Amino acid sequence: MKERSMKTPVLVLVLVLVLAEVHADPFETFKKKHIFEKPENELNCTKFMKTDNLQEKKCRQDKHVIITTKPDEVKNICKDGTKGSHDHYTSKEKFTVIHCHLIKSDKDKDVNSCKYEKEHEEDDNITVKCDNGEPVHLDEEHEKHEEHEEHEKHEKH
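Under mature numbering (1 follows the signal peptide of the UniProt record, and there is no 0), residues -24 to -1, 1 to 133 are what the sequence shown spells out, in order.
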């Protein structure tokens, strides 16, 4: 009987945690993944990515884009940005964008083995997908497209 009574609280706790994850605020998730609010401090890509990696239980993608600004500035893109297709909006102003990339990981081992470094930093317009007036996804494909165009422009000269 005692064993059964211990399983019930554990099961309830697991259900609460699962439901909390499912109902997480999409903008809060976006902020954790893409916004660095302390531009006066140097961004450490490894430290920034660690929070997200711990949630995922693995090293995140090889490349990751981080915006150094206040969350409300990014939120305003959904209101004031240039509307594209599928609820995507592009900022009219440029943001400082930092590109981090994965330099080391022991994928089968501890998530703390993930190491990232800053690849480059630039001021650029950003494109976000908005839901209910809030950014929920950073369009990194737009970023890659911009990088490709810039690379082609330099090769022609």
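One or more of the hints may lead you astray.
Claimed, not checked - Across the chosen pairs, the derived CB separations fall in these ranges:
hint, residue 1, residue 2, range
1, E93, K55, 31 to 39 Å
2, E16, K39, 31 to 39 Å
3, K39, K14, 15 to 23 Å
4, P2, G60, 27 to 35 Å
As the list claims (entries may be wrong) - Subject to a maximum C-alpha distance of 27 Å in a straight line, what follows is the list of computed DSS-like cross-link-like pairs (lysine-lysine):
hint, residue 1, residue 2
5, K68, K91
6, K26, K68
7, K23, K59
8, K9, K80
9, K39, K8
10, K91, K8
11, K34, K70
12, K105, K46
13, K55, K34
14, K55, K8
15, K26, K55
16, K33, K94
17, K55, K33
18, K51, K80
19, K23, K46
20, K23, K33
21, K105, K34
22, K70, K105
23, K105, K80
24, K68, K9
25, K80, K59
26, K105, K51
27, K70, K33
28, K55, K91
29, K68, K33
30, K70, K14
31, K68, K105
32, K33, K59
33, K23, K55
34, K55, K94
35, K105, K23
36, K9, K105
37, K59, K34
Since the hints were derived computationally from the structure, they do not count as laboratory data.
For clarity, every value in this text was computed on a predicted model and none was experimentally measured.
Note that beta-carbon positions come from the ideal geometry of N, C-alpha and C, so glycine has one too.
Hints, one by one, checked against the model:
1. E93 / K55: 31 to 39 Å: holds (34 Å)
2. E16 / K39: 31 to 39 Å: The hinted range 31 to 39 Å is violated for E16 and K39, with Cβ atoms some 25 Å apart.
3. K39 / K14: 15 to 23 Å: The hinted range 15 to 23 Å holds for K39 and K14, with Cβ atoms some 22 Å apart.
4. P2 / G60: 27 to 35 Å: Violated, at about 19 Å.
5. K68 / K91: Between K68 and K91 the Cα gap is close to 33 Å, so the pair fails against 27 Å, i.e. violated.
6. K26 / K68: violated (31 Å)
7. K23 / K59: violated (33 Å)
8. K9 / K80: It holds: about 19 Å lies between the C-alpha atoms, which stays within 27 Å.
9. K39 / K8: holds (16 Å)
10. K91 / K8: Between K91 and K8 the Cα gap is close to 18 Å, so the pair holds against 27 Å.
11. K34 / K70: violated (32 Å)
12. K105 / K46: Judged against 27 Å, a Cα distance of about 17 Å means the pair holds.
13. K55 / K34: Not OK: K55 and K34 at ~34 Å, beyond 27 Å, violated.
14. K55 / K8: holds (21 Å)
15. K26 / K55: violated (31 Å)
16. K33 / K94: Given that 27 Å is the threshold and the Cα spacing comes to 22 Å, the pair holds.
17. K55 / K33: Distance of about 34 Å is beyond 27 Å: violated.
18. K51 / K80: violated (33 Å)
19. K23 / K46: holds (19 Å)
20. K23 / K33: holds (15 Å)
21. K105 / K34: holds (25 Å)
22. K70 / K105: Since the Cα atoms of K70 and K105 sit roughly 17 Å apart, the hinted pair holds (cutoff 27 Å).
23. K105 / K80: violated (30 Å)
24. K68 / K9: With a Cα-Cα distance of about 22 Å, the restraint between K68 and K9 holds, given a limit of 27 Å.
25. K80 / K59: violated (38 Å)
26. K105 / K51: Since the Cα atoms of K105 and K51 sit roughly 11 Å apart, the hinted pair holds (cutoff 27 Å).
27. K70 / K33: violated (33 Å)
28. K55 / K91: violated (36 Å)
29. K68 / K33: The given pair, whose Cα atoms are some 36 Å apart, is violated under the 27 Å limit.
30. K70 / K14: This hinted pair holds, its Cα atoms lying about 17 Å apart.
31. K68 / K105: holds (15 Å)
32. K33 / K59: Violated. K33 to K59 sits at ~35 Å, over the 27 Å cutoff.
33. K23 / K55: violated (31 Å)
34. K55 / K94: violated (30 Å)
35. K105 / K23: holds (26 Å)
36. K9 / K105: holds (14 Å)
37. K59 / K34: violated (34 Å)
In this structure, the hints that do not hold are numbers 2, 4, 5, 6, 7, 11, 13, 15, 17, 18, 23, 25, 27, 28, 29, 32, 33, 34, 37, in rising order.
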